[in-house]
Amino acid sequence: MLNLTKMIKRIKINFLFTLFALLASVAYAKEITVGFGHHKHPYVMLDEYIQGDEGHEDHNGIEYSIIRQAFLLMGEELTAKSIAPKNLKRAIKKFRRVDAVSGVKKSNDKYFYSDPILEIENIAISKTSQEIKLDSISNLAPFQISSRRGSYTTLGRGFNRLYHPKKGSHKTSHTQYDRDLDQHIDFWKPGSEVVMITNRLSFEHYRNLLSESYHTSEEVTLSPIFPSSSRYYIAFRSRELRNEFNEALATLKFEGTYKRIFRHYSYDSPISKYHKPNLNKVEELTLTTK
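Position one of the sequence shown corresponds to residue 1 (our numbering), numbered consecutively onward.
Quick caveat, the hints were computed from the structure, so don't treat them as lab data. Bear in mind that the values here come from a model prediction, so they are computed numbers and not experimental data. Where is the CB? At the ideal position from N, CA and C, for every residue including glycine. Treat the hints with care, as some may be off.
Stated by the list, open to error - Computed Cβ-Cβ distance ranges for the label pairs, DEER-style:
hint, residue 1, residue 2, range
1, F254, H164, 39 to 45 Å
2, Q144, A84, 20 to 26 Å
3, S213, A84, 22 to 28 Å
4, E131, A84, 20 to 26 Å
5, N108, S213, 40 to 46 Å
6, R239, Q144, 26 to 32 Å
Whenever a hint applies, use it, and build me the whole structure from the sequences.
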């Protein structure tokens, strides 16, 4: 009986110690501000141009979820700032309150880059009715092309030679978009013959998202013509924070959380069905995107 009493007392002490440690970690969690490039669903879903159904407002995307889960392991609190992708590096240079920016390419600068958080394979997508056969980047030349702004820097030298906005030989047949939503709306508009450069996950997400407004069941052809995938990183001000993040990211991958996040936003996920374009904002977008 005495041993049992001692055992219960020891369990209570251990429980209180663990509880105290957890409360202390929450109380002393440091708030880390991270800039995210907006308008790139389903990787970052922080913008007001898409509205979630009731109960689904907090689906903030793959990239956001990976970083949030890593920060939980680190005992840090994530504060997200939505920033135009082209301004991410400018934001961390200009604003001291921004501790890191996510979804950027590595550069030879003073910041500390994480291990890759995303590796995205871009493809060319055309409507099958156009009977377009694409075996290489050079096959794009006769067609109107659409892509995200700045993609000519990540899609290989061949694409850069054709579509660099200043020096490209076919720059006039290339439209760049700041927001994925507008790019996908223009692809699905009746009569559109554009070849769209995007990734499969984004394509299927917007295909579901726009299905009530456009005929998105039309058959398409997917052409994997780009030589390599694009890797994206987080640029941190702090080397120590970068190292802690890399350890947490490795843990997420080892224990399966990283894959589960991707499955949550996969092709057959209902996530996109719970979100709809904010039509008031879409009208504003189409007036300003080109």
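Consistency of the hints with the structure:
1. In this structure the hint that F254 and H164 lie 39 to 45 Å apart at CB holds, the actual value being about 41 Å.
2. The hint said 20 to 26 Å for the Cβ distance between Q144 and A84, and at roughly 24 Å that hint holds.
3. For S213 and A84, the hinted distance range of 22 to 28 Å is satisfied, since their beta carbons lie about 25 Å from each other.
4. Distance hint check for E131 and A84: the Cβ-Cβ separation is about 37 Å, which falls outside the suggested range of 20 to 26 Å.
5. Distance hint check: the CB atoms of N108 and S213 are about 44 Å apart, consistent with the given range 40 to 46 Å.
6. The hint said 26 to 32 Å for the Cβ distance between R239 and Q144, and at roughly 45 Å that hint is violated.
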